[in-house]
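K.L.:
Below, each chain spelled out in residue letters.
Number of protein chains: 2
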Amino acid sequence: MNETGLSEEEIRKILNDSKGKDLKYERVLSSMCTYPHKIAIEAHMQFIESNMGDFGLFRGTYNLEKEILSSIGDLLHKTNAVGYMTTGGTESNIQAIRSMRNLFLQSPEYQKSASNGQKCARPNLVVPDSAHFSFDKVSDILDVELRKASLDDELKVSVESVKSLIDENTIGLVAIAGSTEFGQVDPIKTLSDIALEKNIFLHVDAAFGGFVLPFMEKNYEFDFKLPGVTSIAIDPHKMGLSTIPAGVLLFRDSHQLESLKADTPYLTVSTQYTLTGTRSGAAVAATYAVMNYLGKAGYRKTVSRCMELTDYLLDKLAEMDIHPLIKPVMNVVALEVPKCDIVRSRLAKEFNWQVSITQNPHGLRLVIMPHVSFEMIDSFVSDLKKVLDTL
Amino acid sequence: MNETGLSEEEIRKILNDSKGKDLKYERVLSSMCTYPHKIAIEAHMQFIESNMGDFGLFRGTYNLEKEILSSIGDLLHKTNAVGYMTTGGTESNIQAIRSMRNLFLQSPEYQKSASNGQKCARPNLVVPDSAHFSFDKVSDILDVELRKASLDDELKVSVESVKSLIDENTIGLVAIAGSTEFGQVDPIKTLSDIALEKNIFLHVDAAFGGFVLPFMEKNYEFDFKLPGVTSIAIDPHKMGLSTIPAGVLLFRDSHQLESLKADTPYLTVSTQYTLTGTRSGAAVAATYAVMNYLGKAGYRKTVSRCMELTDYLLDKLAEMDIHPLIKPVMNVVALEVPKCDIVRSRLAKEFNWQVSITQNPHGLRLVIMPHVSFEMIDSFVSDLKKVLDTL
Chain A
0 MNETGLSEEE
10 IRKILNDSKG
20 KDLKYERVLS
30 SMCTYPHKIA
40 IEAHMQFIES
50 NMGDFGLFRG
60 TYNLEKEILS
70 SIGDLLHKTN
80 AVGYMTTGGT
90 ESNIQAIRSM
100 RNLFLQSPEY
110 QKSASNGQKC
120 ARPNLVVPDS
130 AHFSFDKVSD
140 ILDVELRKAS
150 LDDELKVSVE
160 SVKSLIDENT
170 IGLVAIAGST
180 EFGQVDPIKT
190 LSDIALEKNI
200 FLHVDAAFGG
210 FVLPFMEKNY
220 EFDFKLPGVT
230 SIAIDPHKMG
240 LSTIPAGVLL
250 FRDSHQLESL
260 KADTPYLTVS
270 TQYTLTGTRS
280 GAAVAATYAV
290 MNYLGKAGYR
300 KTVSRCMELT
310 DYLLDKLAEM
320 DIHPLIKPVM
330 NVVALEVPKC
340 DIVRSRLAKE
350 FNWQVSITQN
360 PHGLRLVIMP
370 HVSFEMIDSF
380 VSDLKKVLDT
390 L
Chain B
0 MNETGLSEEE
10 IRKILNDSKG
20 KDLKYERVLS
30 SMCTYPHKIA
40 IEAHMQFIES
50 NMGDFGLFRG
60 TYNLEKEILS
70 SIGDLLHKTN
80 AVGYMTTGGT
90 ESNIQAIRSM
100 RNLFLQSPEY
110 QKSASNGQKC
120 ARPNLVVPDS
130 AHFSFDKVSD
140 ILDVELRKAS
150 LDDELKVSVE
160 SVKSLIDENT
170 IGLVAIAGST
180 EFGQVDPIKT
190 LSDIALEKNI
200 FLHVDAAFGG
210 FVLPFMEKNY
220 EFDFKLPGVT
230 SIAIDPHKMG
240 LSTIPAGVLL
250 FRDSHQLESL
260 KADTPYLTVS
270 TQYTLTGTRS
280 GAAVAATYAV
290 MNYLGKAGYR
300 KTVSRCMELT
310 DYLLDKLAEM
320 DIHPLIKPVM
330 NVVALEVPKC
340 DIVRSRLAKE
350 FNWQVSITQN
360 PHGLRLVIMP
370 HVSFEMIDSF
380 VSDLKKVLDT
390 L
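In order, the protein sequence lines correspond to chains A and B.
When you line the first sequence up against numbering that gives the first Met the number 0, it's residues 0 to 390, in that order.
When you line the second sequence up against numbering that gives the first Met the number 0, it's residues 0 to 390, in that order.
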């Protein structure tokens, strides 16, 4: 920033140059984000100054948020679920676990041992080994011990492993509906039964899968229909085709949300449940617009096309004798490819393709988002073949 | 969300109705946000799909972020300060205190007492009583005891009170450069000396004042020029005229930032220091655009006009024998008004003005943001007079 400032033309030139250095999504097969829908962008612009941190000033936007929560609650089989629009999956996960922790620390048993001057037990959380890295942040931020349960052959969490990790200081379980690496769905019905039996919370991270599973032909049980599920994270800015930042956190019961309450003097509203203060109303309007424009049929079409593309990709790869680590449940593919780190870096360097890597088991990972086309897959497969032929 | 979705026209009608229910900023005297600058909006749109959660894909946007950090570091007297663009002041405050807490918990002294099985001391943080309510969130989230120091007659934090609250478990101090309620600046030079003497961190919350103080005629010492200041929160989406969500957190030393590190498998980059995962690149581009378009001279002009309006308001009010609780340091005014809760609610109900309330001392609070005009002040003062005359 200089003293006098630049002209509009100078600013536009710098922005255009910078934009040119950003990858276009047409070369990206590694991300769970995509181009927002054009009606989402239009709504985002119209509400650009709206601040949901003080929603008393923005009652119109706030009503849109309430409608979104009720629509997503409906989609997840609990219309009266309570929550709010977050900045995305990480905030949703932090807040869900913070609620578990706060209620654990407020429990009479914990309070009693604390007042006796005993060294207090550290609360722990049991998560699948496939949980998103945001749970490592959760553990650090909230000072909750993370216990990682192993995965079975299908890369779902092992129920036996989960059971073996639960003790009297376990505040809850996490299940994944669409794991970041493999797109796998944990055995959530069984985890729900365990949570009920042990009287602990169960948070479902459906940040990615939440806008996929309800729109598939096969019926997956992962949401509030299961009585042990107490909270869900679902991201409109991933497969919901909204703008960033648009996440949603929903709780089954209001006392979970209440445990996050902060008093807010000097605002038009007196309490706040959110992690952040100032909060994008633009992304709220964007989410409302795209959800109600597409409707369930629109999302069904989007998901169906992504799955068609996924099947097409797998057929092409099978011809080259390349196979997925697990049969993809959704539009996330992890491939058994030799020397996949080298393959990944050569795809980037020689052909400008961005793919990513799964850790355990090691594989080449692709996410088939709505920006992917048949032509893009043909071109990618052809480039992958060139790399493999010269490995 | 229904089955088939609505038409574009239906969506636009609902959005227009909702927009009509949002207040226009021309009636808002209570908020620290305002209309973003038009060049910020243009840049925001151009980069709408950019996700800084995986900035390896968006190298152009990432370079803009680096330039912003270096410009703001420069503005705050430490060009090589390290940090990142947050969602706003609350995230910046959480992350600054999280860094203090993590480094405290990692200290050999703490580790020794922990490994001896002793009941570990709870870390505490000394904040001014005027600190933003986000510090109550910080305390809850991070499990840090909040010790609130009293204010002096000028509503600055009392240095004696701060000193009396420090003990061996104090991880750091917070100073406010532009308090939310009063726009007051704490005696940060003295607090810096104390922090150095006690060898503890000092975080400056300049979320509001950071884009005001450097552009005033009077010189305020509040930033990295003071050797005890270890981190600063400053929000481009407040007086920086950028779009939401645009906050900045800067640390003096990289080891503070390093204490927030999380590993990020399956991204193009291997570590992340942010609280959220997916992160708006649009707000990065917007911030770059407006900062470099306005330049320091542009912000100086904005601040100068806000202060001119503030003086104009105070002159008008003095004619009605209404006086501020303290002489305003910046464009935040807290007024001594009888029955101010009733006055506030009547201003809203009868004249559609949004003002707010300070708690201690009790007063009517106004923020004179760039959307305020002389006409708006004339009209507000006239309506306030009507309310007071019929109280």
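Simulated from the structure, these hints should not be mistaken for lab results.
No experiment lies behind these values; they were computed from the predicted model shown.
You may find that some hints are simply not true.
Think about it this way: if two alpha-carbon atoms lie no more than 27 Å apart in a straight line, the pair counts; the simulated DSS-like pairs of lysine-lysine are [to be verified]:
| id | chain 1 | residue 1 | chain 2 | residue 2 |
| --- | --- | --- | --- | --- |
| 1 | A | Lys37 | B | Lys348 |
| 2 | B | Lys23 | A | Lys37 |
| 3 | A | Lys65 | B | Lys162 |
| 4 | B | Lys295 | A | Lys18 |
| 5 | B | Lys23 | A | Lys12 |
| 6 | B | Lys338 | A | Lys20 |
| 7 | B | Lys188 | A | Lys23 |
| 8 | B | Lys147 | A | Lys260 |
| 9 | B | Lys65 | B | Lys12 |
| 10 | B | Lys20 | A | Lys37 |
| 11 | B | Lys338 | B | Lys65 |
| 12 | B | Lys12 | A | Lys295 |
| 13 | A | Lys326 | A | Lys338 |
| 14 | A | Lys12 | B | Lys300 |
| 15 | B | Lys197 | A | Lys65 |
| 16 | A | Lys65 | B | Lys23 |
| 17 | A | Lys65 | B | Lys12 |
| 18 | A | Lys65 | B | Lys260 |
| 19 | A | Lys18 | B | Lys65 |
| 20 | B | Lys338 | B | Lys295 |
| 21 | A | Lys20 | B | Lys37 |
| 22 | B | Lys348 | B | Lys23 |
| 23 | A | Lys37 | B | Lys188 |
| 24 | B | Lys65 | B | Lys23 |
| 25 | A | Lys12 | B | Lys37 |
| 26 | A | Lys147 | B | Lys300 |
| 27 | B | Lys37 | A | Lys23 |
| 28 | A | Lys12 | B | Lys65 |
| 29 | B | Lys65 | A | Lys348 |
Incomplete in silico selection of chain B near chain A, CB under 10 Å [as the list claims (entries may be wrong)]:
| id | residue |
| --- | --- |
| 30 | Gly4 |
| 31 | Lys18 |
| 32 | Val27 |
| 33 | Ala42 |
| 34 | Met44 |
| 35 | Glu48 |
| 36 | Gly87 |
| 37 | Cys119 |
| 38 | Asn123 |
| 39 | Pro186 |
| 40 | Asp192 |
Glycine included, each C-beta is placed from N, C-alpha and C at the ideal position.
K.L.:
Going through the earlier hints one by one, which of them does the structure break, listed in rising order?
P.N.:
1, 3, 5, 6, 7, 9, 11, 15, 18, 20, 23, 24, 26, 38, 39, 40
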